[in-house]
Amino acid sequence: MGDLAGELDDLVARLYPICRSITGDGVRRTLAIIGEHVPLQVHEVPSGTKVLDWEVPDEWNIADAYLADGDGRRLVDFAACNLHVLNYSVPIDVELSLDELRPHLFSLPDQPDRIPYRTSYYDRNWGLCLPDRQLRSLPEGRYRVRIDSTLQPGHLTYGEVVVPGRTQDEILVSSHICHPSLCDDNLSGIAVSVALARRLLDGPPPRHTVRFLYAPGTIGAITWLARNRETAGRIVHGLTLTCLGDDHPFTYKRTVGGTAAIDRAAAHVLAHDAVDNQVIDFFPYGYDERQYNSPGFRLPVGSLMRGRHGQFPEYHTSGDDLSFVSGARMAHSLDVLAAIIAVVDADRRLVNTEPYGEPQLGRRGLYGAVGGQNLPDGQLAMLWVLNLCDGEHSLLDIAERAGLPFEVVRATSALLEEHGLLIAPVG
Amino acid sequence: MGDLAGELDDLVARLYPICRSITGDGVRRTLAIIGEHVPLQVHEVPSGTKVLDWEVPDEWNIADAYLADGDGRRLVDFAACNLHVLNYSVPIDVELSLDELRPHLFSLPDQPDRIPYRTSYYDRNWGLCLPDRQLRSLPEGRYRVRIDSTLQPGHLTYGEVVVPGRTQDEILVSSHICHPSLCDDNLSGIAVSVALARRLLDGPPPRHTVRFLYAPGTIGAITWLARNRETAGRIVHGLTLTCLGDDHPFTYKRTVGGTAAIDRAAAHVLAHDAVDNQVIDFFPYGYDERQYNSPGFRLPVGSLMRGRHGQFPEYHTSGDDLSFVSGARMAHSLDVLAAIIAVVDADRRLVNTEPYGEPQLGRRGLYGAVGGQNLPDGQLAMLWVLNLCDGEHSLLDIAERAGLPFEVVRATSALLEEHGLLIAPVG
Amino acid sequence: MGDLAGELDDLVARLYPICRSITGDGVRRTLAIIGEHVPLQVHEVPSGTKVLDWEVPDEWNIADAYLADGDGRRLVDFAACNLHVLNYSVPIDVELSLDELRPHLFSLPDQPDRIPYRTSYYDRNWGLCLPDRQLRSLPEGRYRVRIDSTLQPGHLTYGEVVVPGRTQDEILVSSHICHPSLCDDNLSGIAVSVALARRLLDGPPPRHTVRFLYAPGTIGAITWLARNRETAGRIVHGLTLTCLGDDHPFTYKRTVGGTAAIDRAAAHVLAHDAVDNQVIDFFPYGYDERQYNSPGFRLPVGSLMRGRHGQFPEYHTSGDDLSFVSGARMAHSLDVLAAIIAVVDADRRLVNTEPYGEPQLGRRGLYGAVGGQNLPDGQLAMLWVLNLCDGEHSLLDIAERAGLPFEVVRATSALLEEHGLLIAPVG
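Residue numbers (our numbering), protein chains in the order written: chain Z, 1 to 427; chain E, 1 to 427; chain H, 1 to 427.
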């Protein structure tokens with residue numbers, strides 16, 4: 001765990017300085033670093049490609065940006081923090097008065113020392129983001145703004161890692177990669193996702209194929225859905241990951257249906273791990289769970305996070321920096337995530353082969369010999385599994401009904417399967 | 001609202017002195033006054049007509065009634081208050097002792113200064129109602145009772161107003177008109193009903209045809225059902241109205257099924273209007289909702305009231321007089337009623353025409369340009385409507401799920417429909 | 001009730017001294033005494049018979065057992081209390097040291113003055129049970145153990161009483177009879193069961209055939225199920241009985257499905273009788289409800305008790321003696337049991353013959369004559385029954401919906417049936 005936490009911290013620290021957006025070289029550099037850890041397939045989709053109701057936009061890249069005063073002193077400098085530029089700003093080099101400048105300056109009056117994160121992807125615009133305290137101190141006078149960006153036909157880039165499973169049914173783990181220097185949102189989600197992919201690749205093949213998607217928010221998910229429309233139905237469980245490094249309690253946001261296996265698995269793991277958590281209903285805002293849960297797809301994709309987007313002051317500000325996340329917390333998030341995935345991967349229906357009365361456990365060595373006392377927990381778990389393995393209850397159903405951790409039910413079912421008392425139904 | 005409250009007060013005041021019953025000229029005079037406000041179709045059904053399991057009774061009319069002492073002094077006088085006579089009393093002119101008289105005198109020991117309202121429609125009887133204090137002060141002696149009534153073959157009378165809608169599906173608004181000088185029960189219900197009919201007639205045609213029924217309680221509803229048995233199934237939503245002028249919190253009583261659209265609409269409006277209210281389950285007593293909800297019809301008719309029948313001391317006593325109701329409260333009741341009717345009338349299922357992912361709202365001018373901030377409420381409403389307009393959720397379903405007022409969801413859906421993002425499904 | 005309580009006390013007292021087990025003469029003597037009260041059919045099933053996944057074991061009988069010290073003094077004596085012997089101990093006559101003896105001695109460190117009840121049915125073993133205080137006081141030295149038992153091919157014995165009903169559908173009342181001198185568990189269950197059988201035999205025939213089973217726990221129920229596999233499906237309601245004489249609140253344990261008629265009837269009776277009670281979910285441990293509710297049978301058999309097995313200190317110890325139970329409490333248990341059986345026996349669906357509107361109760365003499373007042377309870381019950389007798393609601397459904405005791409609804413329905421307003425649907 002010490003090592004893992006350190007590796008997660010290292011990955012976040014390495015990705016932190018890169019200026020990402022929904023397209024461009026920042027995304028490519030991010031995917032290249034991910035690709036050092038896991039076998040990543042990178043896709044490039046040309047600008048102008050129709051994707052569902054959308055179109056892949058021109059590609060944005062940026063070399064430099066600043067606001068200078070009449071003396072040429074840089075007051076706001078992209079080189080110091082890439083949040084200073086309105087993401088997707090068109091190139092500009094202009095001198096103007098403070099009044100002319102104001103509509104292009106963004107700040108947070110409530111958090112006067114933090115730089116806000118702002119974007120203008122689909123409305124061509126330019127702007128600079130700065131602490132409100134600095135904005136309010138700007139004197140009248142002439143200013144120069146130079147944004148050395150390009151916005152022209154190119155590509156949208158995303159990456160996928162596929163962990164082959166024993167079946168074609170898929171679990172999707174989706175993380176957005178479009179935010180610039182913001183750690184919790186979403187370098188933490190990326191790092192935890194990469195660590196899970198690595199762990200699954202290094203272990204025995206899961207039952208489900210597990211697909212890890214690293215794509216820019218909204219347009220990336222829409223592009224992936226458009227290009228995989230025919231096969232998206234293979235996704236039987238899914239999660240979006242974000243904000244997994246802060247120190248808030250865990251939050252699980254349900255699928256739109258609210259009763260999917262992933263919803264029940266997440267609630268089960270969070271409850272049995274006794275971590276402080278909240279499970280909230282779906283709402284059609286947040287991250288790419290919006291797209292996966294749209295009425296045309298209705299893929300059962302929930303969302304795992306700690307702090308909720310928009311609910312903590314550091315969100316989408318320069319306060320979401322390296323000090324805001326911790327490797328230990330990301331490692332804990334990884335454990336919770338892995339446990340949820342393990343539940344949906346292992347959950348299945350088994351059938352009792354001796355359903356008439358209880359089978360005689362004693363002669364199979366599965367039962368204590370001296371009767372008349374209270375029953376040990378393990379034997380009660382056996383009785384639960386035998387009673388409910390009737391073809392109608394899955395292992396998770398049984399765990400919920402019996403109030404037992406899923407892992408106890410799974411291990412018990414494996415023991416009974418070994419003794420021939422349970423079988424997987426055909427078909 | 002000032003005017004409306006005054007008009008409601010005026011209508012109640014005009015109807016108050018009339019001695020109504022389940023048949024007779026009091027009903028006819030009441031319907032004539034209603035007919036001055038709205039185009040009323042009046043029906044006369046002969047005594048002896050078989051109606052479902054019942055028979056239209058003989059018609060009752062009354063000119064005078066009194067109890068006089070040995071000196072001929074009128075102690076109880078119908079002319080002072082029509083509650084003094086047991087409604088449907090047969091004619092009588094008799095002298096008798098106090099002991100002989102007692103079984104025919106009705107009072108309220110718990111409310112010694114109020115006259116009770118009592119009826120004997122189907123058992124031929126006669127009687128007088130008086131304050132208990134007066135009853136207890138009657139000295140021994142001879143008394144004369146004269147009731148100058150007639151009870152003979154005639155008609156049962158009821159009236160209907162139909163507001164034509166764009167479809168034949170009907171909303172029923174039913175008010176009982178059989179009570180004599182009692183204001184809350186049910187001149188308030190009559191007045192609010194008439195005001196809603198007037199409002200709907202003066203506005204654009206609703207989707208549903210709205211039928212307003214003014215009929216005597218029980219036998220009137222049964223008569224209407226008997227005569228409209230074939231077409232009663234057109235009623236898809238309905239309400240009985242009573243006690244809408246008192247100062248108790250609103251009460252909505254559900255249909256027998258408990259989950260009808262009218263039940264959900266009423267609960268929604270009462271909750272979102274943040275008026276003090278209670279929503280109670282159906283029980284087979286009260287007013288004509290009993291008949292509409294009977295097993296042979298099961299019309300989804302709820303009941304809207306403020307004070308609950310039988311639950312306040314003025315109920316069915318001379319305390320339910322003009323001072324017990326107010327035009328302002330009736331006007332508020334009208335607003336609540338109109339909002340409930342508006343919900344069931346406007347509720348429908350629409351289908352998202354771009355169901356794969358979210359449609360790009362920005363290029364349609366439906367979305368704020370600068371991202372990264374929290375979402376305004378109106379845009380969240382759009383996302384809710386787009387996500388849930390999948391053919392399975394109605395606008396009310398969406399309002400309930402999103403925690404939004406129905407009107408916000410309806411207006412949002414209209415905007416999206418204008419932009420071609422929603423359509424009404426065929427058939 | 002005084003008599004009944006006394007009779008219940010007497011039956012328990014007579015059965016108390018007998019050393020029962022899952023086979024043997026103790027069971028036969030117990031059944032013989034039951035057979036003095038009710039017409040009992042006794043079945044003998046040979047050892048070695050295959051029953052579901054089990055096999056009928058060899059028959060066990062015992063004449064004497066003791067632990068003696070070096071001087072031949074009996075320290076532990078079966079003649080004083082049959083709990084002293086590990087039930088199903090193989091015969092033995094041996095001298096050995098205290099250390100050699102220890103693995104065969106059973107005590108309760110937490111209750112040092114009580115003898116525990118222990119069994120070893122399927123693992124051949126021998127042992128003695130004694131108070132922990134006595135165990136700890138045994139000095140080093142040589143001891144003699146003699147257990148004068150037999151364990152050899154014979155039979156398993158159980159008994160049945162059938163109360164013929166008007167239909168072949170059955171109610172099962174099952175009591176385990178395998179425990180030696182323990183009063184609450186389960187002489188109380190046996191005594192209450194016998195009293196109910198007697199009462200039903202002496203009354204008019206119930207609608208359901210009621211089958212009373214007296215069989216050893218687990219293997220007895222399994223044997224019965226094996227021999228009645230084809231007809232077990234006739235059981236539409238059932239209860240196991242245990243611990244009905246102690247002074248704990250009533251406990252009803254649901255069937256595995258949790259929504260069976262017996263579950264609803266038991267909850268209804270316990271709630272309306274306002275006795276202190278708890279209704280708990282099924283779990284696959286306890287008594288023979290485990291076998292009846294197994295996935296191959298899924299017979300809806302709940303469990304009625306006062307104290308819960310394993311939840312009170314006297315359970316399965318010598319503390320469960322004659323002073324621990326009372327005839328008055330058993331008589332109360334009988335009343336509750338009989339009421340539950342009466343509900344499932346009488347519950348049925350009736351259909352309103354005048355479903356269009358309310359029938360006119362007045363002309364049938366079913367309604368108070370003077371209107372305008374609140375409705376008496378009995379008339380409200382009529383309106384509930386008429387409204388809900390639509391072919392979809394049973395009398396218990398109506399009682400639950402109306403918040404009325406089942407018996408009120410049943411009596412009301414009988415009255416309405418007499419007046420031709422309700423009929424039983426054909427088929």
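No wet-lab data here; the hints were simulated from the structure. Glycine included, every Cβ here is placed at the ideal spot set by N, Cα and C. Just to be clear, a hint being listed does not mean it is correct.
[Stated by the list, open to error] Which residues of chain E face chain H? A partial, calculated answer using Cβ under 7 Å:
# : residue
1 : Leu52
2 : Pro284
3 : Gly296
4 : Tyr356
Unmet hints by their number, sorted upward, for this structure: Number 4 only.
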